Amino acid sequence: MKYKFVLCVAPLLSIFSGVVIADAGVNLKLEKIIEVYELKACKPPPKKAGYEFGKFLFNSKLLSGDRDVSCATCHLTEKGLADGLPLAVGVGGEGESLSRLYEGKGTLVQRNAFSLFGRGHLVNTNFFWDGKVDSADDGRIFSPLGNQISKKFSSALAVAAVLPLTERDEFLGKSNFFSANELIKAAGDKYYGERYTALGRPLQERLKNEAKAELSNTSAWRVIDSPDFELADIGNGLASFIKTEFACRKSAWEAFLAGNKNALNAKQKEGAILFYGKARCATCHSGAAFTDFRFHSIGVPQGEFGPSTRRRDLGRAQVTNKREDMYRFRTPPLLAVGETSPYGHNGIFKSLEEVVLHHVNPMLIYLDDSSLSKPQNRLKVSKTLDSRDPKLQLIEIENEEELQRLVDFLKAL
Amino acid sequence: MHTVFKVVVGVFCALWIFKEIALPLGVGAWLSEEYMRLVIKCDSAMEASWYGDTADVNEKRAQDIHLLDCHEYDKTRKTMLTAGLPEVYLSWLGLQALEIYQRPASEMSEQHRFTER
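Those protein sequences? They're chains A and B, same order as listed.
Numbered by this note's numbering, the letters in the first sequence go through residues 1 to 413 in order.
Numbered by this note's numbering, the letters in the second sequence go through residues 1 to 117 in order.
Don't take each hint at face value.
Claimed, not checked - The calculated DSSO-like cross-link candidates involving lysine-lysine, where the alpha carbons are at most 30 Å apart (straight line), are:
| # | chain 1 | residue 1 | chain 2 | residue 2 |
| --- | --- | --- | --- | --- |
| 1 | B | K60 | A | K40 |
| 2 | A | K185 | A | K208 |
| 3 | A | K250 | A | K47 |
| 4 | B | K75 | A | K32 |
What the hints assert, rightly or not - Derived coverage of chain A by chain B (criterion: at least 3 residues anywhere in the stretch with Cβ under 8 Å from a Cβ of chain B; other residues may be distant):
| # | segment |
| --- | --- |
| 5 | 30 to 36 |
| 6 | 279 to 291 |
Don't read these hints as lab results, they were simulated from the structure.
Since this is a predicted model, take the numbers as computed values, not measurements.
Glycine residues also receive a C-beta, built at the ideal position from the N, C-alpha and C atoms.
Bound conformation, chain A alone:
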């Protein structure tokens, strides 16, 4: 009887000890990852002046020429602060997310909307897919608004926050031959720098007339009522709100970094080891916000629309005019990435699996998407593929299971 008991228990003990040893190995590797990459749990900053004003502005459609768009229109909480669309739909659109496409009345913004998690708090260096708002080490801020005007801004985030307000597609409104709203009239035919100056007064008037009931008893009213009011005040308010409200994301990965070792399941832990190790993801998706703030190409196919001429999207070259920057885009931060599909600067990747796979096999999307094989496209494929970053050669994803583990981890961010 005793022998039978030993014979039964021994294999179970052996299997159990194997599992325990394997788990210890995984946890040891994760500890090394935290040590090597100097990872820390996110600490939210305290609320500062301008938070309440920024909160109001973020949700207010008063900032758009036709009173039909607010920041919250394209940065939805249930979509990881993105909008769930391949390309954002700006002025003229109705509803939220997909319904803005179905109605077909809105204007395409021609790039995929970003999540706002970590902006200002973790992501400070540059903003937008092509880094058109960029800050130098000496504090100077570069943007289409011009260096002189930007001096009143409190941060690069504040500049980034008002830039959409100066764009016809995003906020200014639809221009009509017979009628146009006061913001279009003031700034519609001007260059960026002039738009900045031109928009200050009409927006101040709007806020004074239409937001008095909500803001007259707050500190924001002093800003709105000031004779020195300008667009930078709106930017500083929005930046204050974004920086505080979306500073840290409550995720399984954050809980893990904060010390809860069971916050990630076994598959997500395996994915984390791949992400920071042989899959080389953290070579570019590094730091607390999972971006190196640099510009790389993974050979994303050109879509049907783009902000450059002939419906193309030249990426960083739009800003620098340098050949080597063609088709490069800022490494996207990955906070909440599981909720922000579709992916890529033009939203061409429908799922996380697709976009991760594209890093190691850029041919599949050309084979799967018949529109990319059309005569007008099939002779242009090498332009984007040849721009791929050589770093991508070092990625090691050996089988479908490893690919899935990576996706499991990404969903924990």
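Following the hints, complete the assembly by docking chain B onto the known chain A.
Then chain B, alone, in the frame of chain A:
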């Protein structure tokens, strides 16, 4: 005395058989496949770190984490050697895993032979 001697010899023989035959065979059966898998993983990590750019801080970090696979390879190798498996056997497993052993011509020709007509 005779019985004690027999018991001692018996126990000694049993232990000797366990240590020299059963343990190496058992550990070999248990860990050989895992060892071959780790040989491939470590080879991949060493190759990637050789070709990778060590001046790039994040690439260097990724290399460090990737090379932890070689630490697991080392541990498994030591376990197998301690259990009495000969080094020659482990070398053979390594060559099999990396597929850099001498290949007979039959490996290429066999698949082209008619098996029925």
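**Asked** Which earlier hints turn out false for this structure, listed by number in ascending order?
**Response** none
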